[in-house]
Every structure is written in C-alpha cells, then in structure tokens.
Amino acid sequence: MPVRPVSVGQRIKRREDPRLIRGLSSYTDDFKLHGMLHAAFVRSDYAAGKIEKIDASRALARKGVVAVYTFDDLRGKVGRTPCVARPEPGRDAEHPLLADKFVRWVGQPIAVVIAEDRYVARDGALDVSVEITPLPANIDLKRALEPDAPRVYADHKDNIALHIPRSMNPEVEKLFAEADGVVKLELVNQKVAPVSMEGRAVLAHWDEGPQKLTLWTSTQVPHLVKQSVAQCLGLSEIRIRVIAPEVGGGFGAKIPVYAEECLLPWISKQLRRPVKWSETRTENLMGTTHGRGHIHEIEGAYKKTGELLALRGRVISDCGAYPSFFGASIATFTPLMMPGCYRVKAIDVEVVVVYTNTMATDAYRGAGRPEAAYTVERVLDEVAVATGLDAVEVRRRNFIPKSAFPFTTATGAVYDSGDYELSLAKALERFDYPAARAKQAKARAEGKLVGIGVATFTEICGLGPSTGASPIQRTGSWEAGMVRVEPTGNVIITTGVSPHGQGQETAFAQMAADAFGIDGNDVEVLHGDTDVVTHGVGTFGSRGLVVGGTAVHMALEKVKAKASRIAAHLLDAKPDQVTFDGESFRVTGGERKMSFRQVAEAAHLWNVPIPGEEPGLEAVARFEPTGTTFPFGAHFCEVEVDPDTGEVALTRYLAVDDAGKIVNPLLADGQRLGGIIQGLGQAMCEEVVYDESGQLLTATLMDYAMPKAHMFPRIELDTTCTPTHLNPLGAKGIGELGTIGSTPCIVSAVLDALRPRGVKHLDMPLKSERVWRALQEAAR
Amino acid sequence: MKISVTVNGQVQERDVEPRTLLVHFLRENLGLTGTHIGCETTICGACTVHLDGRAVKSCTMFAVQVDGRAVTTVEGLAKDAEHLHPIQTGFWEEHGLQCGYCTPGMIMTTSALLAENANPSEAEIRHAIEGNICRCTGYQQIVNAVQHAARLGKGAR
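The listed protein sequences correspond, in order, to chains A and B.
Under numbering that gives the first Met the number 0, the first residue of the first sequence carries the number 0, and numbering increases by one thereafter.
Under numbering that gives the first Met the number 0, the first residue of the second sequence carries the number 0, and numbering increases by one thereafter.
Fair warning: there could be bad hints in the mix.
Claimed, not checked - Partial list, derived from the structure: chain A residues whose beta carbon lies under 7 angstroms from chain B:
(1) Asp-16
(2) Ile-20
(3) Arg-21
(4) Thr-279
(5) Leu-388
(6) Val-391
As the list claims (entries may be wrong) - Distance condition first, Cα-Cα at most 25 angstroms in a straight line; then the derived BS3-like pairs of lysine-lysine:
(7) A:Lys-401 - A:Lys-660
(8) A:Lys-559 - A:Lys-592
(9) A:Lys-344 - A:Lys-302
(10) A:Lys-31 - B:Lys-1
(11) A:Lys-12 - A:Lys-49
(12) A:Lys-344 - A:Lys-268
(13) A:Lys-12 - B:Lys-78
(14) A:Lys-76 - A:Lys-302
(15) A:Lys-62 - B:Lys-153
(16) A:Lys-183 - A:Lys-76
(17) A:Lys-12 - B:Lys-153
(18) A:Lys-12 - A:Lys-303
No lab work stands behind these hints: they were computed from the structure.
Cβ coordinates follow ideal geometry from the N, Cα and C atoms, glycine included.
So here's chain B without its partners, still in its complex pose (with noise of 0.2 angstroms):
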C-alpha cells in the first residue's frame, strides 16, 4: 500500500505491506533508527514516537495506520547539537540514562508529558512513565531529567 506520512517534518511517500509496523517504518524503511523496539507488546514504551502530538507505541500500530499523519520521533527533536529539546538537557544533566536503549521512547514520553502540563509533580512525572520500562537507572535520575527540563521551560517562557 502507498502511503505518506510527515516524519519529523518531512513528507515520506512510501509503498508498504499493510502489515509493517510503524516502528519497523521508520527504522528500517526510513532509516530512523533511535526509535527501538523493546518488547512487542505495548509494555516497555522503547518504541514510543509523537503521532500529531500525541506519545503513542509504535511496536504496536501498523504503518498505514499514520498515512496522512505527523509522526515526530528522537531524531527529529532536536536539529543540531547545539539546539537540544530541553527534556535531551535534562536527560544529560542529570545523568537520567546509562544503557540509552530506553531513551528515546522515554524522552518522546516525558516531552509530550511537558507539553500538556508543563510543571508536573513527582507523582504525576512516575505515573507518566509507568508504560515505559527502564532496567538501568531505578527511574530516579529520569524523574530528575523531566524536573530539569520542566525548569528550563519555565525559564524559557
């Protein structure tokens, strides 16, 4: 099937089986690949991408499911190096990954976290992320990384 889907804001026209999914689209059609796959089922959030807007896992969703649709992943966060997302800041700063495996889906989580409430209490921080699993750090420095770049926003507005 032909389908056309913005990524990262570019428009990728593509034929696909029906049964590709999105999270094998993007990194085996397109090349993206800091989005990961962790375990198939919708559980450890590896693969986890903004589809208009919105955290949703790609292990789990079919590519033609998004034709027509805005599909954001990592990469696509930041343009250069010098110009991090301010939740890849906090990331760093507060040192929120080791293995990096579960990175980008927890980053993808915790940004579009940040865009719908942008001063998040600890609570709120871990009841986001309780869909995306983390085997190295015991979520604590990620709690501190989304802190982080929440203040970073506030400095920004």
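Only chain A is shown next, with the shape it has when bound in the complex (with noise of 0.2 angstroms):
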C-alpha cells in the first residue's frame, strides 16, 4: 500500500494556470526581438482567376517598407505547402507558398509586404495593385462533381482530390432485401471555422552566425513544423529550431503546417533579419483551415424491431482548394466509425473527397469522426420513427454487448472495450427519462414543442500503430517521453506533445509524483521546443495524454527500475528483494529503506560506483500503440422551440462519459464542457457561408456566429469508468468526445420536438431562420 497521498486521479488545479491568470506568459505575437520586422499578406479577393500583374512598386516606395516578395521570387527556391496526406499523381495538387498564376480562394496569399513596423506593412498591403481576370468558382460540392463543373486545377481530370469507392460488398445487398425498411438520408455536415481564440502567429529569427533558423509559432506540432519547414526550405532540421510557446487553442487547425510558416523562415533568412506575422481574425477566417463540410447520402437497412443491418451510401467531403496537411485523409476516418457502437452487419460507403474553390479542410475536433457519429445516431432516430420503437430502445437493441468486447466491427475497427449499456442506464437514471418523457407529454398537450435527444457514440482515439489508420497519411503514431532526474532528485520531464490548454504539464507532474513519491511542485515539464525536447509527434487526436502520457509513463518506469536496482545495491539486497512503496525503496521484510531523493543524489555522486550501470539517473521512452482506443457515451438533452420564431432553447444538456480511467477529474471536465459547447456549436449556430461567387460571408466574428455563455444551462455530467487494455494508464482520450455526442443529440432533441408539427428533416446550424421555415414548410 501506498504511504503517501496518491496524485493521480485527484482533482488537482493546474500548475499552468498563474502565469496565464496574471498575463505574464507570452504567446508568439508577444515575442519582440532586436530588428524585428513584420509581414502583412496581399491576398486574393477572388475565388479563382488568373493573375494577370502585380504591381508592388507604390509599396517598395512607402517609407518603412522593407521588402514586397511575390511567387517570381520564390519559384524553384522553396518547396509546396507542406502536406502528409497527398492525393495520388494527377489528383494532388503542388500548392505554393504564394499564389503562381492563379488564385484558387479567397485569402489565398498572393504577395507579402515586410516592413519597419505593424500598421507599415498593412499599409503597403494595400499599396500592392494585383490585377486579376476572375474565372468561374466551383464552391457547391454536388455541383464541383457534374463532369462540366469548373475545375479547381484545369490539368486534373475532374475535381477529386481522393475517391474510395464502394466495394460492392454482396453482403450488404443481401442485408438490404432481408429488411423490413431503409430510411434514406441526406445529411449536411456543414463547414465550420475552428477559431482557436488566438489566431496563427509565426516569428521566425534566421541567426546568419550559428546559422539557424529559430521558428515561434503558434501550432500543435512543433516537431512536425520542424521536419517540414526543413523539407520545404532545403534545410538541414538541425539547423532549425522550432518553439510554440503558450498556443491559444487549436482544435485541429493549427496541426497543418501552413504556407506562412515556411516563408517568414525563408524571408528572414534573404533579410537576416527576425520577421513576424499574427493573424487577423479575417484572415483567421479565410486562411485557416476549415472543418467538416460533408454531404452524406446514406440508407439504412433495418428490422421491424428496430435492428440496423446495414448501410450504404456516399460521404462527400470537401477538400476545399488544395489538400492540406491531413485534409483529404480526414474523410476517410468516417466511414470506419459510421458503426458507432452498434452491431452493424455490414456498410458499404463510398468517399468523395472534392476540390472547391474554398479555404481547405482539416481536422477539427473529432475529425471524421463526428460526423460518422452524427450520421448513424440520425439514421437510428429514423428507424426509431419507422418502427415506432423509442429512441433510448432502439439504440439498446443494436449495442454491442459488453462480452463482445475487444469487437470487429462491420468496418474492421477493433474496439478495445466499452459497457455502453452502463453509461446509458446512468444516464437514463441521472435524466430521470420517464419522467422527462411525461414533462414532455404535458407541454406538448399544452402546444409547447418540447423534445427530448439522444446520442450513445463511441470514437476511436490515440491512433495506432504507426502502420496506418488512414492509407495516406505519411506521421508516425508513437509519442516520446523523457524523464531526467536531477542530482537533488528533482524531475525534468519532456514529452513529444505539445499542450495548449489540455493541461499535460499538472497531469504529468501528478504522474512523477506518484512514481517518485516526491512533491508535484518539484517536478518540471517542458514542450513544444524542438532543441529541448527528444522528436516527437505533437498534439491531436486525443493523443496528449493515452500516448503522450503514455510514453512519459515508460520512461518512469524505466527511472524507477534503475533506481531501484542502485538502491538494492546500495541496501546490500538482491534486486528482487527491494519494492517502492509509494516513498521509498525497502528491502523485503527489513528495516533498510532508501528514499528516491537518497538514490538520485548517489546515482549522481557515484561514490559507490553500481556495477553493470552507467552513473545518472534518467530515462527517455517511445510509446506505440498497437492499437485504437474507443471512448464512449451517453448524452441526453431538452430543448423547446419558439413556435412563433423558430427560436431553439436549449433547457437540459447530461453527459455520462466514459474515457476509461481519468488522471484529473477537473482537467477532465474541462475537456467534456469544451468539446460538448463546442458540438453545440455546431449544431446551433456556426457556419462558414460562401457566396455563389466564393465570396466568403462569414469573414469576421459579427458574421460568424459563435456560442456564447448566455446560450446554455449549466451541463451536467457523471461518468463510468471502462479502462482500455491498450495503455499502462487504461486511459481512452477524452478531447473528442463531448463535441462528437453534442452534436447529433441536440439535433435529435430539435427533430423530436418538431415532428408533431410534421418537420421530418432539418440540417445544422438551427438557427432561428431555418427552424422557423421548417416549421412554415411543415404547416402548408
């Protein structure tokens, strides 16, 4: 038994937090250096068009103004925008760093304006004249795939970026024509903004000297920045120095490895001097990527008693106008997880992933996955529907049992573990959902349109192994941990992630302070700078903790293990004689003890030289996952609609999650409230509008609408606790998964309150505007 308090699992406020409270930590744009200047981008205001000239000399003339570089300058210098996941010759796409005779969306950069001050170079951005002969945008995705659609890239063939097509598996067609009855959907997953509160900044500082590029930048991958920016640039990596400071969100959008982030490097290296660059919240909007954006045609084959057999249809998804750096391999995670955590037989799906003259798609919270789960959780309410069965009952009859598990689904994901029916009959008890449904009876007998939703989902989480989850994505999946332990007994820990708000520095603080038995607070832990921290992968994908922590974890043990052989030697025991008991090493059923400070300092002093080991104690460890896990759960909601305005409330919001075992429940819960106001988002009211023309609408945050905290009620959340074999921790990942259960639920709730007024379809946003006309629609 342990002697001391265990860290782990407690409730334990973080260590990041008072130098964010006090203003006293600094992001990329608060960084100044000696002869800094800084970058303001020309950008187009057209979604396609020829370049006809651009004039750069009102600009080059403007007191301040340093420097004007266009593509001319760039062209057999430097490489394309750097992408893992490139579509095949003849559907890829060479994207340069500036815009090369043609312009493919609006906020393309086209030219970059470097000059003395801030408001200089946004001054001699608007000095640059650029002559541009429009041609026609292909911005609708069913349009972009009619064989006379405008082409994106007029050498391609047509407009796709990558195609999957369906296997024509037999197995489906034979569930199909057994069925009682297909609902057939088609679902808008639209496109929305990430908006990370603090936008891309990037200040890059070549040192002519040492020669070495030192690069801050705002971005959730620091290594991956590195190994890039070297590629693209022609650089030596050990030349390049990548750090991302305090990273004001990502959320998906700041794992791509952008077009500005190799050219500020290549700018300040013609320049020798540092240069910077800090989004607008415009260009944040045009120039970042963008999520979802998907059509799904779907149908689902289902049993009278509500047993879905099987689907089949198409996801189309948008690529937007070049392939980022995941982008076009983000769709493909969604056909794999369109089972949700149900038994069904077989699917069937094709991916269509398309060109739009639009800002490119990556990932975004969830990545593919949320709009797999939202697909299969409306095609379940549909079935619900055609066989009058209840939506919780329905979605009973097709879980996986428990004793199913490690399951194969239809779609080859090998699930590692999950109790969905656990989560769900917390839920169900914790929303007290008779009598939710009796409330609802009774308003509705009132003429109130009240509905209630529901959503079980399960996602797939710290990908791995290394050997592909998606057949183009060119990363590793392990992650890095190091620990050093200092001649005091101190700890220093690296690791290969990158946090930005998840919390890592307190959650692998607690981790060394279990295994140590010393204090939290004598613990330190570094990231996001490449010269510091062993190569790793960076932040993702609900990989921070399962991975990351993983590997932080291994190198633990690994300290641990040598520390305990130095201090049976110097105990006099066997090895096999010396155990940890939370505090100290002691010899089996003896008095002799030895703290890990006591270790530490003679690892270190070495007077009593150990045979067979090297001096110092520290340990660096790489973990592989040799497989996914599956995190799950069970949300319900209430909401009621303004007859008369179409207005959505949202008055009750339960999640009972299950990310396995938890190392902070408070940083947990950060994560659920997050990701589930995020989903909800989504759904109420985000959306990236462009014009026919490709214009972009939503190009500030008046336009585009964010949730806001007057918009919810207090969430409610209970957990269960299903631990994954696949790590030493049994952790799941837990980023992903209130945006992923949001999302459908609050639609489901929407749908149930509006059906007895005939509304059979909505698709998100439900705004106001759209409800209403559903209701108008429904009423004639």
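Taking the hints as your guide, dock the two standalone chains into a single complex.
Below, the structure is given as structure tokens:
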C-alpha cells in the first residue's frame, strides 16, 4: 500500500494557471526581437482567377517598407506547402507558398509586404495592386462532381482529390433485401471554422552566425513543423529550432503546417532579420483550415425490431482549394466510425473528397468521427420513427454487448473495450428519462414544442500503430517522453506532445509525483521546443495523455527500475528483494530503506559505483500504440422551440462519458464541457458561408456566429469507467468526446420537438430562421 | 501625439500615432502583453481592460482617447503571486481557463462585474460575459470561477 497520498485520479488545480491568470506568459505575438520586421499579406479577393499583373512599386516606395515578395521570388527555391496526406499523382496539387499565376480561394496569399512596423506593413499590403481575371468558381460540393463543373485545377480530369469507391459488398445488398424497411437520408455536416481565440502567429529568426533558424509558431505539432519547414526550404532540420510557446487553442487547425510558417523563415534568411506575422481574425476565418464540410447520402436497412442491419451510401467531403496537411485523409475516418456503438452487420460507403474554391479543410475537434456519429445517430432516430420504437430502445437493441469486446466492427475497427449499457443506464437514471418524457407529453398537450434528444456514441482515439490508420497519411503514431532526474531528486519531464490548454504539465507532474513519491512542485514539465524535447509528434486526436502520457509513464518506470537496482545495491540486497512503497525503496521484510531522493543523489555522486550501471538517472521512452482506444458516452438533452420564431432553447443537457481511467477529473471535466459546447455551437449557430461566386460572407466574428455563455444551461456531467488494456494508464482519450456526442444529441431533440408539427428533416445549424422556415413549410 | 495615461497606477507619457489602437499601445509601447487581440471587432473581448474602473474593449479604442485617464490591465490586478485578486483565484481554483488566451479579458470583464454586483446570479454572470468568447471551456467553469470569487469577496467583507 502506498504510504503517501496518490496524486493521479485527484482533482488537482493546474500548475499552468498562475502565469496565465496574471497575463505574464508569452504567446507568439508577445515576442519582440531586436531588429524585428513585420509581415502583412496581400490576399486574393477572388475565389478563382488568373493573376495578370502584380504591381508592388507603390508599396516599395512607402517609407518603412523593406521588401515585397511574390511567387516569382520563390520559384525554384522553395517547395510546396507541406502536406503529409497527399492525393495520388494526377489528383494531387502542388500548392505553392504564394499564388503562382492562379488564385484558387478568397484569402489565398499572393504577396507579402515586409516593413519596420506592423501598421506600415498593412499600409504596404494595401498599396500592392493585383490584377486578376476572374474565372468561374467551384463552390457547391455536389455541383463540383458534375462533368461540366468548373475545375479547381485545370490540368486535373475532374475535381476529385481522393476517391474510395464502394466495395459493392454482396453482404450489404443481401441485408438490404432482407430488411423490413430502409431509411434514406441526405445530411449536411456544414463547414465550420475552428476559431482558436489566438489566431496563427509566426516569428522567424534566421541567425546568420550559427546558421540557425529559430521559429516561434502557434502550432500543435512543433516537431512536424521542423520537419516540414526543413523539407520545404531545403534546410537541414538540425539548423532549425521550432518553439511553440503558449498556444491559444488549436482544435485541429494548428496541426497543418501552413505556407506562412515556411515563408517567414525564408524571408528572414533573405533579410537576415527576424520577421513576425500574426493573423487577423479575418485572415483566420479565410485562411486557416476549416472543419467538417460533408454531405452524406446514406441508407440504413432495418428490421421491425429496430435492428439496424446495414448502411450504404456516399460521403462527399469538401477538400477546399488544396490538400492541406492531413486534409484529404480526414474523411476516411468517417466510414470507419459509422458503425458507432452498434452491431451493424455490414457497411459499404463510398468516400469522395472534392476540390472547391474555398479554404482547405483539415482536422477539427473530432476530425471525421463527429460526422460519422452524427449520421448513424440520425439514422437510428429515423429507425425509431419508422418502427414506432423509443429512440433509446432502438439504440439499446443495437448495442455491441459488453461481452463482445474486443469487438471487430463491420468496417474492421477493433474496439478495445466498452460497456454502452452501463453509460446509458446511468444517463437514463440521472436524466430521469420517464419523467422527462412525461413532462414533454404534458408540455405538448399545452401546445409547446418540447423535444428530448439522445446520442450514444463511441469514437477512435490515440491512433496507432504507425503502420497506418489512414491509407495516405505519412506520420508516425508513436510519442516520446523523457524523464531526467537531477542530483537532488527533482525531476524534469519532456514530452513530444505539445499541450495548449489540455493541462498535461499538471497531469504528467501528477504521474511523476506518484512514481517517485515526491511533491508535484518538484517536477518540471517541458514541451514545445524542438531543441529541448526529443523528437516527437504532437497534440491531436485525443492522444496527449493516451499516447504522450503513456510514453512519460514508460520513461518513469524505466527510471524507477534503475533507481530500484541502485537502491538494492546500496542496501546490500538483491534487486528482486527491493520494492517501492510509494515513498521509499525498501528491502522486503526489513527496515532498510532509501528514499527516491537519496537514490538520485547516489546515482549522481557515484562514490559507490553500481556494477553494470552508468551514473545518472534518466530515460527516454517511446510509446507505439498497438491499437486504438474507443471512449464512449451517452448524452441526453431537452430543448424547447419557440413556434413563432423558431428559436431553440436548450433547457437541459446531461453527459455520461467513459474515457477509461482519469488522471485528473478537474481537467477531464474541462475537456468535456468545452467539447460539448463546441459541438453544440456547430449544431446551433456556426457555419462558414461562401456565396455562389466564392466570396466569404463569414469573415469576421460579427458574421461567424460563435457559441456564447448565455446560450447554455449548466451542463450536467457524470462518468462511468471502462479502462482500456492498450496502455498502462487505462486511459482512452477525452479531448474530442464532447464534440462528437453533443451535435447529434441536440439535433435529435429539436427534431423530436418538431415532428408533431410535421417537420421531418433539418440540417445544421439550427438557427431560428431555418427552424422557422421548416415549421412554415410543414404547416403548408 | 503626446499622451499621458495612468496604467496600472503608473503615469506613462508617450508619443503615439493618432491611429494607434489602445491595445497596441498597451502591448507594443508599454510591453503589457497580457492583454490579447482576438477579433479586432469588439466581439470576442480578449482585449478587455478597465478604463477608469469600467470594462472596455481596447481593440476598438484609440490610445489618444485615453489621454489623461486611468487604465488597468490584467498585469495590474495582483501585485505578486501571493496576492492574487479573488477573481484570479477563482479562475485557478475552478479550472476557469484552458489555453489562457481569452482569460485576461474574461478576468477584466468579470472583475468589473463583481465590482458592480458582488453577488451575481448565474444568469447575470452569463449575461455579463456574452461579449467575451472562450473556445476552450464551454463557459461553465468560468461561471464557477466568478461564483468562487464572489464567495471569496464575501469572506473579505
């Protein structure tokens, strides 16, 4: 039994916070270097067009403007915008750092103005005149697939970036033939903007003396930035140090390595001065990757019993104007996760990723899985309507039973563990489902439009092994962790993940405190600096704790094993006679013991050498997942729709989630609450809107509707705990869970509220106008 | 133009371009980078500071507009790590922040709220932060943070 209180599992407040709540930490834009210049971009006003002429003479004449660059300055000297999920030749697009002859979306960088002052740089950008002959733009996803649609790339035979055809699995057709009925849906999962509160920002400093680039950038993946920039600029990566300082949110949009991150280092090298750029919110909305952007044409075959037999159909995914970093691969997760937590026997879904003249899409909190969960949940709601069964009962009848795990789904995913009945039962009890339905019946009798929504879901986290979750993705799935013990026994941890709000400095310190029986305050956790941290991958896909934390755990265990061997020698015992009791290494059955700090000192003083060991106490570990984890949950909510205005009021929301073992419930709650509201934001108000010519109509936060505090009731949280066997922490990943559950849950509730009025279908976002129109339409 | 502004209790005299935004004056001229820029359109509130005790958004004010007045930024709330403002303690205790980018603005808005209304209801808190956007927390733990600070405030009186 441990003799000191265990830190893991406790609600411990964050060590990151003191510097942040006092405004004393630094995000990229907060850095100021001697001789630093500022960059401002000239961006395309057209969605598609041919660049006839760029005239920078007025800008260059302006006092304070140092240089203006266009693609002609870069031609042959730099590579394409980094991409690790490249479409096949003929469908791939060599996306340049600055527009080369053609522009392909509103916001594409055409030229960059470098000036002594931030304001002068912007003045200079306005001075640059660009003549563009507009070309027909390709905006609508389905239109893009028609043979006569304008092509985003004239030398491509069509607008398709990636196509995974249906397998024409005969089992699917057989199940459809055996079905009692088929539900058919066309669902739009609209394009949304990730909107991290800090936009992207880059500060590049080429130091001519040591021939070294230091690149501060607001990224989730500093190591991938280092590799990508090295490749793009033809530099050795050992000449590049990438630092992700405080990063003000990412949500997937700071995984891609962008043109600006490659361009500023190149410019700094030309001018031998540091150069900084911070995007404006308008640049963020037009030039930072978007998420979702799917249309699903889906059919579900069901039995009268409510059993969902099979799914077939097509996922059309908006690639945007170029293949972003992971962009083209994101939609491949959608069919994979379409079975959700159900025993669907067979699935045959085509994936078509389509170029359009809009901003590129890439990962966004959930990345392909929320789209899958949304669709299968909508299908099950329709099965419930068609069979007359309760929406909860239909889900229950389709659940993969607890006894079936590990379970291989119809799409080949191997689910590690799950107990869907458990989370559902807890949610039903907490929500008091029968009482909620009774209350709804009463409200309906009074003419009120009250609805109850349910979503039961699972998702895929901690991707691995590296042999490939996606056929076209080229990054490793492992993560690195290092533990270095100082002579005092104080500990430094470095991690390849790059937390930006997740709180892993706190979580990893908790793990070290427990491992060595020391105070968490005597542990330092370093990340986000490629000169300090062993090569790693980064933070995305709910992998920070599951993969990054496991690597740290493994390094802690390696150090502990060595410490134990040292202790055994010094205590004159055999290695297998020594155990760690949470505070000291003890000889079994005796009084002899040594604290971790005493061992650390001995390991460094080395005045008693330990045969077969090296001095010092540190270890590096890399965790390569052997499989992926599948956290899950059951969410319920209640809405009331105003029949006169169509306004949706969310009156209750309950989430029962299971992410396996939890290191810090306080942080886990934060991840869940934030994710739930982010998913509700998509369902209720968020939408990237381009007009038919490709103009972006949602280019400021006055036009792009963000979820705000007054829109939501207090979210109720509860958990169940079904650990995974795939990592020693038993943790399944939590960052994206909320976003995946909440979107289908509230749409289910709103449709439940409106069905008595004859409304059968709605697409997100459920803005009052859209809901009002649906009510008017149904009344006709 | 020459302006004289009291910032966090200290008089600062500077020569600024008339078009200099207050937020850039604070961040670049005075080096107070705790105040952040999130939207440039007065929507997100990341740039919120106190002007003569009231919460204002510094991204849509010119520095020259605060000539002769008093500005408090997030750096001015606590004199050191041991003497946090109750609202800062609330954010820390209740996990009211994740990435921390909106946090200074949230803290300035809610500290102004508590100065006016020492015991706000949950609805009043949510209404008060309607002009501050947080993408990470989903707001609930921010509400908890304000309630926590309100409780601490009661203890102090």
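Q: For the pair we were handed, Lys-12 (chain A) and Lys-153 (chain B), check the Cα-Cα distance against 25 angstroms.
A: Status holds; Cα separation ~22 angstroms.
Q | Status of the hint placing Thr-279 (chain A) at chain B (closest C-beta pair under 7 angstroms) | A | Since the shortest Cβ distance to chain B is 6 angstroms, the answer is holds.
Q) Taking only the CA atoms, is the gap from Lys-401 (chain A) to Lys-660 (chain A) under or equal to 25 angstroms? A) Given that 25 angstroms is the threshold and the Cα spacing comes to 17 angstroms, the pair holds.
Q: Go through the hint on Arg-21 (chain A) and say holds or violated, using the shortest Cβ distance to chain B against 7 angstroms.
A: Holds: closest Cβ of chain B sits about 6 angstroms from Arg-21 (chain A), inside 7 angstroms.
Q | Distance restraint between Lys-344 (chain A) and Lys-302 (chain A), which requires alpha-carbon spacing of 25 angstroms or less | A | Distance ~12 angstroms between Lys-344 (chain A) and Lys-302 (chain A) Cα, so the pair holds.
Q) Was the hint right that Leu-388 (chain A) lines chain B, CB cutoff 7 angstroms? A) Violated: closest Cβ of chain B sits about 32 angstroms from Leu-388 (chain A), beyond 7 angstroms.
(Q) Given the hinted pair Lys-31 (chain A) and Lys-1 (chain B), is their Cα-Cα distance within 25 angstroms? (A) With Cα atoms ~24 angstroms apart, Lys-31 (chain A) and Lys-1 (chain B) stay inside 25 angstroms; holds.
Q) Are the Cα atoms of Lys-12 (chain A) and Lys-49 (chain A) separated by 25 angstroms or less? A) Judged against 25 angstroms, a Cα distance of about 55 angstroms means the pair is violated.
Q.
Would the hint linking Lys-12 (chain A) and Lys-78 (chain B) be met if the CA-CA limit is 25 angstroms?
A. The given pair, whose Cα atoms are some 22 angstroms apart, holds under the 25 angstroms limit.
Q) Given Asp-16 (chain A) was flagged as interface, is its beta-carbon under 7 angstroms from a beta-carbon of chain B? A) With a minimum Cβ separation of about 5 angstroms from chain B (threshold 7 angstroms), the hint on Asp-16 (chain A) holds.
**Q.** Interface hint status, Ile-20 (chain A) versus chain B (Cβ within 7 angstroms)
**A.** holds (4 angstroms)
(Q) Does Val-391 (chain A) hold up as a contact with chain B if the rule is Cβ-Cβ below 7 angstroms? (A) Constraint on Val-391 (chain A) not satisfied, violated at 25 angstroms.
Hints 5, 6, 11, 12, 14, 15, 16, 18 from the earlier list are contradicted by this structure; the remaining hints agree with it.
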